[in-house]
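Taken in sequence, the protein lines are chains X and E. Under my numbering, think of the first position of the first sequence as 18, with each following residue one higher. Under my numbering, think of the first position of the second sequence as 255, with each following residue one higher.
These are computed hints drawn from the structure, not numbers from a lab. Be aware that a few hints might be false.
Here are the in silico distance ranges between beta carbons for each label pair [stated by the list, open to error]:
1. Asn69(X) / Arg317(E): 38 to 48 Å
2. Tyr318(E) / Asp115(X): 18 to 28 Å
3. Thr274(E) / Arg118(X): 22 to 32 Å
In the BS3-like style, the derived pairs of lysine-lysine whose C-alpha atoms are separated by at most 27 Å in a straight line are [what the hints assert, rightly or not]:
4. Lys270(E) / Lys119(X)
5. Lys292(E) / Lys59(X)
6. Lys365(E) / Lys270(E)
7. Lys365(E) / Lys59(X)
8. Lys119(X) / Lys59(X)
9. Lys119(X) / Lys100(X)
10. Lys119(X) / Lys74(X)
11. Lys365(E) / Lys324(E)
12. Lys257(E) / Lys74(X)
13. Lys324(E) / Lys119(X)
14. Lys59(X) / Lys74(X)
15. Lys59(X) / Lys95(X)
16. Lys292(E) / Lys119(X)
17. Lys365(E) / Lys119(X)
18. Lys257(E) / Lys292(E)
19. Lys100(X) / Lys59(X)
20. Lys100(X) / Lys74(X)
21. Lys292(E) / Lys74(X)
22. Lys257(E) / Lys59(X)
The beta-carbon is built from N, C-alpha and C at its ideal position, and this holds for glycine as well.
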Amino acid sequence: EPEVTQTPSHQVTQMGQEVILRCVPISNHLYFYWYRQILGQKVEFLVSFYNNEISEKSEIFDDQFSVERPDGSNFTLKIRSTKLEDSAMYFCASSTRDPPRKNIQYFGAGTRLSVL
Amino acid sequence: AQKVTQAQTEISVVEKEDVTLDCVYETRDTTYYLFWYKQPPSGELVFLIRRNSFDEQNEISGRYSWNFQKSTSSFNFTITASQVVDSAVYFCALSEGGKLIFGQGTELSVKP
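With these hints in hand, go ahead and build the complete structure from the sequences.
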C-alpha cells in the first residue's frame with residue numbers, strides 16, 4: 018500500500034530558527050496539503066498545493082510559512098522564524114482526482130515540531 | 255461557514271460493547287464529502303471512510319458501520335463488539351473545496 022512519508026519524525030529547534038519539514042507524497046498524487054495539530058486539539062488546515070502553486074491557504078499560513086516542491090517527489094514546508102506557538106504536529110497529505118480513491122487525503126505519520 | 259461538531263469529547267467502554275461516535279456537520283454546498291479518520295496513540299491519521307453527499311446508503315465494513323443522514327446533517331460511526339485496539343481518537347471531517355475541516359475528535363477508550 019503506497020504511503021505518504023514525512024521526515025523527521027521529531028524536530029527540536031530554538032525560537033527564531035528556520036525549519037524545513039519534508040514530505041514524500043504518494044507517487045501518482047497531484048494534490049498536496051499541510052495540516053497542523055496542536056497537542057490535544059483538532060487538526061487544522063494550513064495550505065493546499067497543486068500544479069506547483071498554492072491553491073488555498075488558511076489564516077495560520079502567514080508570511081513565515083512557505084511550501085515548495087523542489088523536485089518530482091518531495092514537498093516541503095518551511096517556517097522561517099519559528100515561534101513557541103508553532104510547536105505542534107505537522108501532517109502532510111496527498112490526494113488524487115482519479116477514482117476510486119478520488120478526493121481521499123492520505124496522511125503521513127507527522128512531524129512533531131518542538132520550539133524551545 | 256462549514257463546520258463539523260463532535261459533541262462527545264471522550265467515551266469509555268468495556269471490550270465487546272457497541273459504541274457510536276456522533277458527527278454533525280454544517281455546509282451550504284450541495285456536493286460534498288464526509289470522512290472519518292482514526293488517530294491511534296502512535297499519532298498518525300488513518301483514513302477509514304469517505305462518503306459522497308449523494309450517497310446516503312449506510313456502509314458496513316467488518317465491525318465498523320456508518321450512518322449518513324442528510325436530513326439531520328449527521329454522519330455517525332458505530333463500532334460493534336469493540337476491542338482494545340479500537341482505542342484512539344476518531345475525527346470526522348468535511349471537505350470544502352480541497353481542504354478538510356475536522357471536528358474536535360472523540361477519544362475512545364476501550365477497556366479490557
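Exercise for the section: Could you check the structure against the hints above and give me the numbers of any it violates, in ascending order? Expected result: 4, 9, 11 and 17
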